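Undergrad: Using the hints, position chain C against chain P.
One letter stands for each residue in the lines below.
There are 2 protein chains.
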Amino acid sequence: MGKKIGVGLLGLGTVGAGVANIIQSPEGRHPLVAGIELVRVAVRDLNRPRNTSVPSNLLTQNPQEVVDDPSVEIVVEVMGGIEPARELILRAIASGKSVVTANKAVIARHGKEIALAANASDVYVLIEAAVGGGIPIIEPLKQSLGGNRIQKVSGIINGTTNYILSRIAKEGVTYQEVLKDAQKLGYAESDPAADVEGFDAADKIAILSGLAFGGAIKREKIPTQGITKLNNLDIDYANKLGYRIKLLAVAERLNQGTESISSLPLAVWVQPTLIPEAHPLAEVNGVNNAILVEGDPIGEVMFYGPGAGAGPTASAVVADILNIAGVRVIKDQSNCLDPLLAANSWRSCHLVENSKMIQKHYLRLRTKNSPGVIGQIGKVFGDHNVSIQSIIQFDASEAGAEIVVITHEVEKGQITSSLNKINALEEVNGLLAQMVCL
Amino acid sequence: MGKKIGVGLLGLGTVGAGVANIIQSPEGRHPLVAGIELVRVAVRDLNRPRNTSVPSNLLTQNPQEVVDDPSVEIVVEVMGGIEPARELILRAIASGKSVVTANKAVIARHGKEIALAANASDVYVLIEAAVGGGIPIIEPLKQSLGGNRIQKVSGIINGTTNYILSRIAKEGVTYQEVLKDAQKLGYAESDPAADVEGFDAADKIAILSGLAFGGAIKREKIPTQGITKLNNLDIDYANKLGYRIKLLAVAERLNQGTESISSLPLAVWVQPTLIPEAHPLAEVNGVNNAILVEGDPIGEVMFYGPGAGAGPTASAVVADILNIAGVRVIKDQSNCLDPLLAANSWRSCHLVENSKMIQKHYLRLRTKNSPGVIGQIGKVFGDHNVSIQSIIQFDASEAGAEIVVITHEVEKGQITSSLNKINALEEVNGLLAQMVCL
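The listed protein sequences derive, respectively, from chains P and C.
Just so we're on the same page, my numbering is the position in the first sequence counted from 1, plus 178.
Just so we're on the same page, my numbering is the position in the second sequence counted from 1, plus 178.
Note that these hints are calculated values from the structure, not bench results.
A hint or two may mislead.
[Said to hold, decoys possible] Derived, one-sided and incomplete: chain C residues facing chain P with beta-carbon distance under 10 Å: (1) Ile260; (2) Arg287; (3) Gly311; (4) Tyr353; (5) Glu355; (6) Lys396; (7) Trp447; (8) Pro458; (9) Gly483; (10) Ala492; (11) Leu616.
In this text the structure is predicted, and so the values were computed from the model without any measurement.
For each residue, glycine too, the CB sits at the ideal point set by N, CA and C.
Isolated chain P (complex conformation):
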């Protein structure tokens, strides 16, 4: 693979530490991870104790040192905030370095300036982590859906508000109560405005809109309404009518016709929205995010997962690093495939014996309708160390009964040997069905 690709990290908070951890423990990940090296890390305070394995000689309090270090090929900005993040990103670009950033605020506000600079310098600025946390959405929009005419992108893209709305809908608690809990759990900032007023979601839909429709729109003109004025009564009425209320962000093209117009008209908005129960976005709860993309000819696809958090965000940052590293391998070496696209196996795998599979099991037994039968069956499972989630009797009559057993996770071999004993019980007439459970 040649020389390792040097990565410089701006910021060593939870996301930065997550990225460092992935790069420093490449075993079991894509082999290209082993071709990446962390060479310089900017932190705010050198003396703060921190829980990472980053050698202290890599650390500096001067972020410009990271950007300017000649061994840094890719600058990873995970410090957040507008400045000096914007300035450092532009400085990296100007010196011919590609940038990976999780900073949605900078990209939503200064994306155009940054993209122009990146193209002028022939470098990449990748932003998978800026929207949807760990969910791959930016790369699929750019790389997998390019054959489509995108009609609409809609999503639950703010985890804080979705956590709050999910708990209100489920428990009927007040907004103020849940907000306090969310702050305690670290899901909401002490000043929650960016989340609860919808500004964070507006940043993200501005970014998604630019990718889906191929042109930037004015972030500050997006009509944005948060959840602070939402009335519990409407959540209740909505439930009764078969809807869930979510803070939805939408970007949609309005003309269906020809492309012979000078500018594409888009409706882009962020506001609390009633979503029918059967809609794929209706059951996205808690801090999860989901993004639905509608296009021609694909129809509808949805991307769902953790919308925030150090691990998922670090996963997205590393995805971008790998994409840049993959392209760099092609540029450097003629006759070489992009290692991310190539079809290489990189380790040996084998199937385990069926009896070693670990699963929950659903078993339906026909038994005599005798009072002791559930106890006898339970004892056999206990003897085989099979832990039971539930045993329920259906359809008891003089003709007999049906007993449904759902186990906890056990090796299939334990189930097989238990069933051998159970089938031999005088009270049991047979096993009628056996399936696995999630």
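TA: Only chain C this time, still in chain P's reference frame:
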């Protein structure tokens, strides 16, 4: 962009025609689509009338002509079946051409042979369309999740069986009845074995397992159980216990520990599975597919969408063509970015006026409890061409009533002018809430 990239198509059935249609109408898609040209197409019968815009001079009945044509850089195999598909793929690879295929049966059985040949010839074989129809899952696994240690991939990856199980669960009809319907609708083949016995799902999980865990396993050893022996009684009991039954395909690594083992032990299986109602896979119904990926540090992400069909499958095929084209652009031109990764805008977009946004609206009004009030409100909406989905009265008492209106899709301007009139009605005391609906 230089010379166009020549694509040769093996097969012009529904998927092939969908691919041709995308390539031949690039407007409104990613600009790289315009850099691709359809140069040769193999069909079974030249004289069959067909509903495509492919010029007849591109057609040939000899697929080797397509593979051997020097202007074909990328061979797209959408003819299906094992032979001659396998042979033609290997012939294309041997002559240094990259291949895109939707053929899961060939890849699941001969993937190793094909991958070895591709790497020896320094060409790509991309297979996004082989699993999950239009859902981007192969590329995200390769390109976006490479930083993770994947723990488990589980999915509903056969649309036919999911359609059958969804209808049994909802309507209580028999397997035989639904199978007949599925055959009439084109969701099931006249010989449905590949789908209903789980073989198709086993092909697909073999492919996903190889990508997720980095090494091939033996396709023929995957324990596979279809839905033909499923008893409606168990579907009923499962529902009562809070589960849905789906044909699930799972690939999971069994060791959690170090990587210092010579071969990774995997549990891979296909079988009917009970899924708790609240699980993200539980509400995947009809011919839709969904794939859940669990890894460290990402947690869980899910990809959901149409698992089959000409349009979605063609979208996935074109995604692969674009990925190869993007890499080719870098190789050809020094100082050039991969156009799929670069941050280019490629058209002008603008936001429309708020009043022009088209949405369904939820309105909650406080009114006097008078018998004519719903009629009066309905009349105002009618006068403004606002079509109503429902008007419902809540909490009627002497103090007044609350009326909830849900409209069909209308321009926001129509809602605003209707509400101006409604607020002026003597019977209406005020608008208490206004939201949009999906």
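Undergrad: Next, verify each hint and record whether it holds.
TA: So, going through the hints one by one against the coordinates:
1. Of the supplied interface hints, the one on Ile260/C is violated, with its beta-carbon coming no nearer than about 19 Å to a beta-carbon of chain P, more than 10 Å.
2. With a cut of 10 Å, the hint placing Arg287/C at the interface with chain P is violated, because the nearest CB-to-CB distance is about 15 Å.
3. Proximity of Gly311/C to chain P holds as hinted, the smallest CB-CB distance being about 9 Å (cut-off 10 Å).
4. Below 10 Å, beta-carbon pairs count as interface contacts, and Tyr353/C has none with chain P, the closest being about 14 Å; its hint is therefore violated.
5. For Glu355/C, the suggested interface contact is broken, since its CB lies about 21 Å from the closest CB of chain P, more than 10 Å.
6. The closest approach between the C-beta of Lys396/C and any C-beta of chain P is roughly 7 Å, which is under the 10 Å cut-off, so the hint is satisfied.
7. Because the beta carbon of Trp447/C sits about 7 Å from the nearest beta carbon in chain P, less than 10 Å, this interface hint is met.
8. Restraint check, Pro458/C versus chain P: the minimum CB separation of about 6 Å is within 10 Å; hint holds.
9. Taken as an interface hint, Gly483/C checks out: its beta carbon lies about 3 Å from the nearest beta carbon of chain P, inside 10 Å.
10. Checking Ala492/C against chain P: minimum C-beta separation of about 6 Å stays under 10 Å; hint holds.
11. Checking Leu616/C against chain P: minimum C-beta separation of about 5 Å stays under 10 Å; hint holds.
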